[in-house]
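Peer 1: Sequence:
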Amino acid sequence: MNNIIKPEPTIIFIFGGSGDLANRKLIPALYNLWLDGNMPDKFRVVGLGRTKFTDDEYIREVNKGVNDYSRQKGSKDTWLKFTENVHYLVSDVFDDKSYKAMGKMITKAEKDFGAHPNVIFNLAIAPGLMDDVVTKLGESGICKDPECTRLVIEKPFGHDLESAVALNTLLKKYFDESQIYRIDHYLGKDAVQNILVFRFANLLFEPIWNNNYIEHVQITVSESIGVGDRGGYYDKSGALRDMIQNHVLQLLSFVAMEPPVSFESDEIRNRKVDVLRAMRRFKKEDIPMNAVRGQYSEGWAKGEKAKGYIEEVGKKTQTETFAAVKFHIDNWRWRGVPFYVRSGKRMPEKASVITIQFKSAPHQVFPEATATRVKPNRITINISPDTGIKIRFQSKRPGLDMMLNPVEMKFNYSETYTDKQPEAYETLLHDVMTADSTLFMRSDEVEAAWALLMPIITHWEDNLAYDFPNYAAGSSGPKPADALIAQDGFHWIS
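Everything in the sequence shown is counted per my numbering, starting at 33 for the first residue and increasing by one.
By construction, these hints were calculated from the structure, which means they are not laboratory data.
Careful, some of the hints might be misleading.
Claimed, not checked - In silico DSSO-like cross-links for lysine-lysine, where the CA-CA straight-line distance does not exceed 27 Å:
(1) Lys407 to Lys511
(2) Lys347 to Lys337
(3) Lys108 to Lys129
(4) Lys176 to Lys129
(5) Lys347 to Lys268
(6) Lys205 to Lys129
(7) Lys407 to Lys391
(8) Lys129 to Lys316
Predicted model only: the values in this text are computed from it and were never measured.
Throw the hints in and build the complete structure from the sequences for me.
Peer 2: This is how it looks when you write it as structure tokens:
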């Protein structure tokens with residue numbers, strides 16, 4: 033039975049409509065939703081930008097993105113049918129005339145649709161433009177109906193706690209929290225949502241999901257590529273801000289949250305905020321023992337010579353391309369269980385992996401000769417690129433003697449399901465159209481994440497990293513990251 037909600041008539045304005053995000057993600061996602069029958073019966077997509085495209089020129093431009101990045105190509109006829117609803121508006125985000133033109137397009141859509149449409153403003157723009165666009169939208173009067181007007185804000189959401197609070201304050205001046213959708217594409221991945229199903233729909237796991245049985249948790253989000261042409265943006269950010277503040281802490285929250293009473297959006301988000309608020313705050317003197325930074329030098333990646341970060345951005349800089357942090361959650365469920373997270377560029381492979389390491393069995397009853405082969409149980413949740421779950425347990429090897437051997441039980445999405453997984457943006461944009469905010473960050477969640485990391489950010493800004501660069505491209509990160517986890521008797525699991 034298909035329980036997918038069909039969105040009401042909708043008009044979507046994409047600020048930055050001629051930019052990279054619209055080309056690679058947004059238009060392909062909307063096209064795939066349409067091919068699968070999950071777009072509204074009546075809709076319009078309007079790209080906004082300063083480039084002087086006509087509608088036809090814009091459609092030809094975004095068609096390149098669909099050809100390069102869409103999981104489905106469709107046919108020439110399906111593309112022509114879809115793009116009957118795609119338009120372009122030459123606009124200047126600082127000019128009131130552009131917002132009046134949008135208002136006229138909304139009025140025309142209402143007349144053509146025979147119903148007032150839901151209106152979505154997707155701000156796929158540079159962070160420096162955010163304040164101006166939010167203010168112009170708020171003062172224009174075209175967003176005054178909170179029931180049908182929604183604002184999609186791409187990360188980064190602020191550069192630090194102060195700027196995040198300032199942006200939230202500005203948003204609340206003009207918009208209700210229910211209108212604001214702060215998007216983190218990681219939360220649109222099926223494998224991330226499956227963490228909730230794995231935990232709360234299976235009695236097998238939830239009773240042992242606590243400090244009585246779990247020894248520690250690891251989360252790795254690694255990339256094999258360098259910064260490439262994103263050096264200008266990345267050098268103002270770094271691994272801690274770019275990945276750990278949002279993606280990694282989101283994964284951690286899903287793993288650590290308490291069981292929700294229901295699947296209502298605010299109930300899920302309340303439980304995630306509870307995790308962030310329960311996480312132990314860092315004292316300045318404890319940071320060197322709990323947080324490690326790194327920057328890659330020249331090396332070899334996938335058999336090819338790779339430049340160092342300094343060579344890519346063209347200057348010496350203190351920006352970290354790797355960060356590892358040990359967190360503690362001070363509540364009854366997780367007291368005493370360390371959460372080790374790491375994220376970096378130019379590592380051996382692109383991967384997003386969560387590892388739940390269980391404690392050893394309290395008493396060894398098998399022959400002493402087998403003891404060296406006994407390994408603790410482990411659950412590995414692969415978010416990408418190979419999506420699935422592995423459970424490690426002990427088994428007896430065939431034979432007359434009692435020899436134990438660790439084996440794995442595996443679930444793989446691509447092997448189990450024949451349907452292609454939707455891209456994350458398909459899920460998230462459909463949720464925006466149907467007003468489902470479950471997978472989007474609330475203002476208090478964003479601010480709690482920034483508040484947790486600010487002591488580390490401040491400490492690193494106040495203390496130079498004299499050993500940069502400190503890991504070679506293609507390696508697993510700096511040696512101090514190994515020491516971070518080794519001091520507790522553990523090692524990173526690849």
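Peer 1: None of the hints should be skipped; say for each whether it holds.
Peer 2: So, going through the hints one by one against the coordinates:
With a CA separation close to 25 Å, the supplied pair Lys407 and Lys511 stays within the 27 Å bound. Note on Lys347 and Lys337: the hinted pairing holds, with a Cα-Cα distance of about 20 Å set against a maximum of 27 Å. At most 27 Å may separate the alpha-carbon atoms for a hinted pair to count; Lys108 and Lys129 exceed this at roughly 35 Å. Of the supplied pair hints, the one linking Lys176 and Lys129 holds, its CA atoms being roughly 18 Å apart against a limit of 27 Å.
Pair hint Lys347 plus Lys268 holds up; C-alpha atoms about 13 Å apart against a cutoff of 27 Å. A threshold of 27 Å between alpha carbons decides the hint, and for Lys205 with Lys129 the separation of about 22 Å falls inside it, so the pair holds. For the suggested pair Lys407 and Lys391, the alpha carbons sit about 9 Å apart, so the restraint of at most 27 Å is met. With a C-alpha separation of about 50 Å, the suggested pairing of Lys129 with Lys316 is violated against the 27 Å cut-off.
Of the numbered hints given earlier, the model fails hints 3 and 8; all others are met.
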